[in-house]
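*Asks:* Here is how the chains run, residue by residue.
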Amino acid sequence: MAVKKIKTIYDVLCPFCGTLCDDLEVDIADNKVVEVRNACQIGTKKFYSSNPNEHRYETPMIKKNGKLERASWEEAIDKAADILANAKRPLLYGFSSTECEAQSKGVELAEILGGVLDNTASVCHGPSLLAKQDVGQPGATLGEFKNRADLVIFWGSNPVHAHPRHLSRYSEFVRGYFRKDGRNDRYIVVVDPRNTHTAQIADLYIQVNPSEDYELLNAIRAVLRGVELDEKEVSGVSMEKIKELVNTMKTCSYGVIFFGMGLTQSLSHHRNIDAAICLTRELNDHTKFSIIPMRGHYNVAGANQVFTWNTGYAYSIDFSRGYARYNPGEFSSVEVLLKDQVDASLIVASDPASNFPAASVKNLFKHPLIVIDPHESPTTVYADIVLPAAIAGIEAEGTAYRMDNVPLRLRKVKDAPGECLTDKIILEKLIEKVKEKRGE
Amino acid sequence: MSEIKLKLKKETEIPLEAESITPDNFAGKSINEIKKLVVYYGREELTIGDFFNVTGKSEEKDDLIISINGNLSNVKRIGENMSGGEIIINGDVGMHVGNQMSGGKIQVNGNADDWAGAMLKGGELEITGDAGNYVGSAYRGFWKGMTNGVIKVKGKIGVEAMLWASGSVPAKRLPTLICGSAGSFLGIHNHGGTIIVEGDVDRCAGADQIKGIIVIKGKAPKILPSFKKIGEVKEIELFNGEKITGKFIEYAGDHSVKKNHSTVSKKTGELNKSVNGRLYIAA
Ligand code: SF4
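Protein chains in written order, with my numbering: chain S, 269 to 708; chain D, 31 to 313.
Treat the hints as calculated values from the structure; they're not laboratory data. A quick note: this is a predicted structure, and the numbers were derived from the prediction, not measured. Be aware that one or more of the hints could be misleading.
No more than 30 Å apart at the CA atoms, straight line, and that leaves these computed lysine-lysine pairs for DSBU-like [claimed, not checked]:
#, chain 1, residue 1, chain 2, residue 2
1, S, Lys331, S, Lys701
2, D, Lys264, D, Lys186
3, D, Lys39, S, Lys630
4, D, Lys277, S, Lys500
5, S, Lys511, D, Lys259
6, D, Lys277, D, Lys184
7, S, Lys511, D, Lys288
8, D, Lys37, S, Lys500
9, S, Lys607, D, Lys66
10, D, Lys277, D, Lys241
11, S, Lys414, S, Lys509
12, S, Lys607, D, Lys182
13, S, Lys607, D, Lys35
14, S, Lys607, D, Lys39
15, D, Lys66, S, Lys509
16, D, Lys174, D, Lys87
17, S, Lys680, S, Lys448
18, D, Lys247, D, Lys202
19, D, Lys252, S, Lys500
20, S, Lys400, D, Lys247
21, S, Lys697, S, Lys630
22, D, Lys174, D, Lys241
23, S, Lys630, D, Lys264
24, S, Lys347, S, Lys701
25, D, Lys273, D, Lys241
26, S, Lys556, S, Lys448
27, D, Lys65, D, Lys40
28, S, Lys275, S, Lys313
29, S, Lys500, D, Lys35
30, D, Lys184, S, Lys607
31, S, Lys331, S, Lys414
32, D, Lys259, S, Lys518
33, S, Lys509, D, Lys273
34, S, Lys400, D, Lys91
35, S, Lys509, S, Lys556
36, S, Lys400, D, Lys184
37, D, Lys252, S, Lys400
Taking beta-carbon pairs under 7 Å as the criterion, some of the chain D residues facing chain S (in silico) [claimed, not checked]:
#, residue
38, Thr42
39, Pro45
40, Val68
All C-beta atoms, glycine included, are put in the ideal place defined by N, C-alpha and C.
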């Protein structure tokens with residue numbers, strides 16, 4: 269047997285979670301991933317998923333007689349452009365698992381179409397963005413936390429499972445410039461209704477009643493100001509524990525709150541974040557404190573950045589008037605679908621069929637649906653046209669923003685299979701064709 | 031007194047944006063001119079005449095009544111920015127009805143969708159049915175929401191009504207909301223608004239309130255821990271001098287807000303409750 273030649277690529281970014289680890293080493297042989305070093309298990313899995321498998325689309329597909337059948341790029345782009353150009357109110361959604369250059373093309377297409385443009389922040393950290401607009405956000409980059417923070421609070425986030433290397437790279441075990449002793453130099457607090465694996469390695473675990481985070485934050489803020497509360501217990505947490513936490517917060521030299529979807533997607537949504545940010549702001553009267561969302565998709569922060577520098581708004585944008593308007597709840601994808609207010613959809617690198625409420629998904633499938641995706645997913649199965657994409661960050665390079673809004677360069681480690689094209693090129697083709705059909 | 035009648039020809043599939051329907055825009059125009067006013071349908075720019083039958087006669091703005099019939103639940107922005115006259119809507123109406131209106135009256139004989147009377151500056155909005163979320167609220171990112179005027183909703187309203195309301199007694203700006211019952215976070219970030227709820231409210235009423243009065247004549251599930259009980263009262267005096275009688279428990283708050291008037295004395299450690307927002311709940 270011939271020995272395969274293995275090529276190793278260093279300093280590769282992991283295109284999976286918002287931690288956006290940038291120290292991976294990937295071995296490639298025969299255009300296949302054979303080994304991934306330094307990545308966590310979920311990141312590694314994503315690299316292996318790029319190897320040939322039956323769930324991968326390698327040519328464009330068009331639905332004929334209820335079945336997706338192979339088609340040429342020309343036919344698929346022509347048909348897709350037809351659908352989009354004729355729609356009165358198309359929805360363009362997704363964009364968080366692709367690179368910024370493609371996201372920018374998505375904005376361009378949405379503007380030409382006069383459609384609704386949204387990204388997955390709509391269903392994860394949209395509330396964080398809303399709160400930030402209401403009350404600001406004292407933040408910093410991850411390096412700052414690594415080197416300085418001696419109090420780390422995970423509120424409604426469970427990095428052990430959702431951002432596995434966050435702990436070893438930035439927040440818990442890693443040694444920092446002023447935290448020479450790593451874990452021993454940090455006090456870890458977890459606030460969560462569930463006794464998660466992250467809670468189990470914390471110094472202080474605060475078990476809050478489900479969906480009562482707002483009340484707890486409210487009490488903490490009042491206690492911090494020196495107000496004696498009438499209550500003995502708030503949200504299932506005793507007043508002694510609240511006072512202990514407030515004291516810990518006030519006396520640390522640098523504190524940070526990493527909050528996750530446990531806070532953004534529980535009952536009070538953006539108001540939880542509003543209160544948490546106000547608390548952070550007020551803590552800065554006593555010491556140095558920051559707050560930062562644990563972003564899920566590796567480039568959802570980038571989607572917010574790109575949308576914002578192009579339109580002024582981070583998500584839930586409507587172009588029907590020819591200029592950008594913003595209003596989550598009115599132009600957010602879940603709502604426009606729920607109210608059946610769009611007449612065609614283009615989904616880019618996302619799987620709303622798995623994440624959206626059933627009623628919204630039903631309406632998504634009711635109208636023509638175009639999906640740009642490397643893999644088969646519950647969304648692509650119901651698509652009228654599937655445009656096969658190269659996996660950004662593995663088969664295509666580009667820019668991505670880490671959860672702390674630091675831009676990093678994604679690498680290409682192997683070629684895409686079959687006729688796959690990058691998201692950016694596919695969107696460019698669509699833009700060109702739509703313009704042609706509109707006679708521009 | 032003159033009247034223009036609009037009747038929706040048929041229900042639309044996607045939302046119609048019709049902020050051109052205001053007495054300000056209709057005043058002194060002929061039926062043909064009114065029919066030519068622009069409305070937005072998806073990415074298309076069409077006219078009122080494409081969607082509505084228009085009849086009647088229009089004269090001075092302040093004496094003009096526009097009455098609209100049909101299911102308008104997919105028609106947005108009726109009465110936006112209006113400054114006088116009257117609109118009567120017979121049926122349900124879509125989002126943003128009467129947003130930023132500064133004068134005149136809108137009567138909705140039906141239900142209203144979200145953002146009804148958002149950032150109201152004056153005038154009166156009355157809804158006989160229910161209303162959606164963000165009634166009289168500030169739009170995203172604004173720190174000044176409803177600054178004056180009155181909103182009355184007979185039925186229930188959704189969450190976060192009167193967000194960032196901004197009133198001032200010396201300036202005679204008294205934003206007021208009266209409703210049947212309300213969802214959570216009623217009057218959040220309230221800066222001097224008056225809210226009267228005839229029935230019950232959901233969680234977190236008055237969160238982050240600095241000034242303002244919230245009166246709940248029904249039940250509230252839980253009061254935020256940062257509110258301090260003052261005692262029982264038999265009469266409540268509102269900012270406009272009107273009085274509400276009945277047995278209420280008076281709370282001061284929200285004491286979690288830093289820059290409010292609920293200072294804690296450095297000397298005695300005592301809380302100054304006298305100049306703070308108020309929440310009254312029926313005893
Ligand atoms: S922590 Fe996130 S970015 Fe880092 S290797 Fe794991 S999945 Fe990839």
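*Asks:* Of all the hints given earlier, name the ones this structure violates by number, lowest first.
*Replies:* 8, 15, 16, 17, 20, 23, 29, 31, 33, 34, 36, 38, 40
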